[in-house]
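Sequences and hints are given; from them, build the entire structure.
Protein sequences appear in the order of chains A and B. Under full-length UniProt numbering, the first residue of the first sequence carries the number 1, and numbering increases by one thereafter. Under full-length UniProt numbering, the first residue of the second sequence carries the number 1, and numbering increases by one thereafter.
Source of the hints: derived by calculation from the structure; they are not laboratory data. Check before you lean on any hint, since a few could be wrong.
To be verified - Per label pair, the in silico range of CB-to-CB distance:
#1 207/B x 250/A: 54 to 62 Å
#2 207/B x 94/A: 14 to 22 Å
#3 207/B x 243/A: 42 to 50 Å
#4 202/A x 207/B: 28 to 36 Å
#5 207/B x 135/A: 15 to 23 Å
#6 155/B x 94/A: 35 to 43 Å
#7 13/B x 70/A: 55 to 63 Å
#8 129/A x 256/B: 52 to 60 Å
Heads up, the beta-carbon is just placed ideally off N, CA and C, and yes, glycines get one too.
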Amino acid sequence: MAQIKVEALDKSFGAFHAVKSASFTVEDGQFLCLLGPSGCGKTTTLRMIAGLELPTSGTIRLDGEDVTMNRASARDIAFVFQLFALYPHMNVRRNIGFPLKCEGISAAERDRRVVEAARILRISHLLDRSVSGLAGGDRQRVALGRAIVRKPKCFLMDEPLGALDTEMREAMIHELRSLHDRLGATTVYVTHDQLEAMAMADRIAVMNNGVVEQVASPRDIYDRPASLFVADFIGSPPMNFLPFRSGLQTGAEAIRLGERDVAIPAAREAMVESELVLGVRPEHVRFTDRGMVRGEVYGTEYLGTTQIVTVTTHYGALKARSPSSRSFRTGETVGLDFRPDTLSIFDKASGRAIRTALHEGGAHG
Amino acid sequence: MTSATTAHSVVEPSITTRRFAGSLVVLYAVITMIPLVWIMLTAFKSPDDAISYPPKVMFKPSLEGFCNLFTTRSRQTPEFIRSLGPPQGLCDSIARSRNMVVAGPSNYVPRFINSLIIAFGSTVLAVALGTLSAYGFSRFRVPLKDDLLFFILSTRMMPPIAVAIPIYLMYRTIGLSDTRLGMILLYTSVNVSLAVWLLKGFIDEIPREYEEAAMIDGYTRFQAFVKVVLPQATTGIAATAIFCLIFAWNEYAFAVLLTSGNAQTAPPFIPIIIGEGGQDWPAVAAGTTLFLVPIVVFTVLLRKHLLRGITFGAVRK
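Here is the structure:
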């Protein structure tokens, strides 16, 4: 297993700049998710690590060794494709054994390792079946079998659960993570599904428009988003944004929002007067009659134990998570309050989060 | 009564429609088969039956056509024939009944062998070159790709015979006239554009992930091509091979122009048979009948690939 270090990776396809100076490190045995909307460059980044695309500039190191320009076959990595890419003209056994055949491993040893991989993935009973007759989940296991049979330096997975139905997906998320733990494998996993990333990853790299916006643990990504994009992309419903115009002193513990002061985590940098955005997670909005923001209930969305209440305010529609025991009438006037220690502040022009006390202690680990 | 309660289906054709469609297909098959059947019948007729009017459908089968196809004969006086020993084999006795003796084998077999070598040789070459270039066009960023592909296609836009004279002169100068190699090269160059275009369609349909998976598993691109792409392209390769073979096998105009002896193929040879001692239609028909066999055998062998292949990959998995 190995550490993967990506430094200032750039990739252009003609005029299209797919990946812009991406840098991150995946430590030995870590599970990193590349998360972002489609077209953000996450798959291209993964394919460059695999050697299926060559970067325009930048370096990729596997265990310190520069492999940037090495052929895919010379990198000793395994790749799991979204559509599995099982060879249709081979049965399950030959599919799993295919990478070993290339290394010239004897038939007996090959068979031993194929059987072992099949046992780990619980597909021993399928070994002599044709791959075309397999169900989605089993195909996925065969694809994983082909990846683990060779004991490669790391696993790269390109939305491997994208082609499965929801139920199968849930099961495979847990299976994949426990497989990762058992093998201690360094894994880079591409997905556009934040729930998958949150459930599986040790660390998440959020990408947008070819730029890595933030690399951090799932908790930090959620609680301390580094940019407006991350705050908006992660969380369902996403973070509420309240635009305001103000300057900021280092150490300031409140901002002026309309007529009222709103307590915030103490600012750790100063800002000249500019357009700023206050970010509030729906679960950090409280209903109180003395609230600093007032608005009208627009509608509610029942989710079982909680409900999402949409409130029309001076700052636009805000979403709040409330216990479903409380009932709201459409059109009712409510007051809203925010939990001060959880608020984020962003610079609207750059989208960057402004450093505050929020980012201290366990931040950016 | 189940039939009365069954709802009218929107997608399933009605019995009447199916019968009508079926009879159209049968009718078409019969019409296209008539000339073939007539040729095969004629092959087994005696020369008199072959030219009788009205044409005979019922007749006494004879192998005279095949004998005349495979032998050359010379006319002799009855006295000379009587002075010979007993006839050697069937053909000899048929010839003697017409006051002739078998002089030797005809050129049909060597011409047929030329046809086999040239047609299969050029097919193998065209398909091999076509597969490689189609793969290249399908997978790599080739500069001027669209222009090159159009150029390759444009070689099919004129009838090949339009360049017959320049090719004839070229071949004479460089010594390729009347050689098997020359004919193989010629048919290959005509077929290769068809092969590139057909195969590119098939290879485009094979997801790149298969090769990428193989390359990550440690194979070189060429190994991945051989082990992963080729097995999946067999359908397309089979269909392309049949089209190429049919062209090379049936080609007449260039064969007449460029071959006369050593490398002459069967198509220009078969009509020549007419001239040898009267209008010997049964011999011509016999030659044609045998000429059809290799294509039929080849097509039957590859038919399971063809069923999907002829749709040009229009059907997605």
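Pairwise beta carbon distance, residue 207/B to residue 94/A, judged against the given window 14 to 22 Å: holds, 19 Å
Given the range 42 to 50 Å, decide if the beta-carbon distance of residue 207/B to residue 243/A lies inside it. Check passed, 46 Å falls within 42 to 50 Å.
Satisfaction of the hinted span 28 to 36 Å by the C-beta atoms belonging to residue 202/A and residue 207/B: With Cβ atoms ~31 Å apart, the hint holds.
Is 15 to 23 Å respected by the C-beta to C-beta distance linking residue 207/B and residue 135/A? This hint holds: roughly 20 Å between Cβ atoms.
A range of 55 to 63 Å was offered for this pair. Does it hold for the Cβ distance of residue 13/B and residue 70/A? holds, 58 Å
Is the distance from the Cβ of residue 129/A to the Cβ of residue 256/B consistent with 52 to 60 Å? Given about 56 Å between the Cβ atoms, the range holds.
Assessment of proposed distance window 54 to 62 Å (beta carbons of residue 207/B, residue 250/A): holds, 55 Å
When you take the CB atoms of residue 155/B and residue 94/A, is the distance between them in 35 to 43 Å? About 41 Å separates the Cβ atoms of residue 155/B and residue 94/A, which means 35 to 43 Å holds.
Violation of the numbered hints given earlier is absent; every hint is satisfied by the structure.
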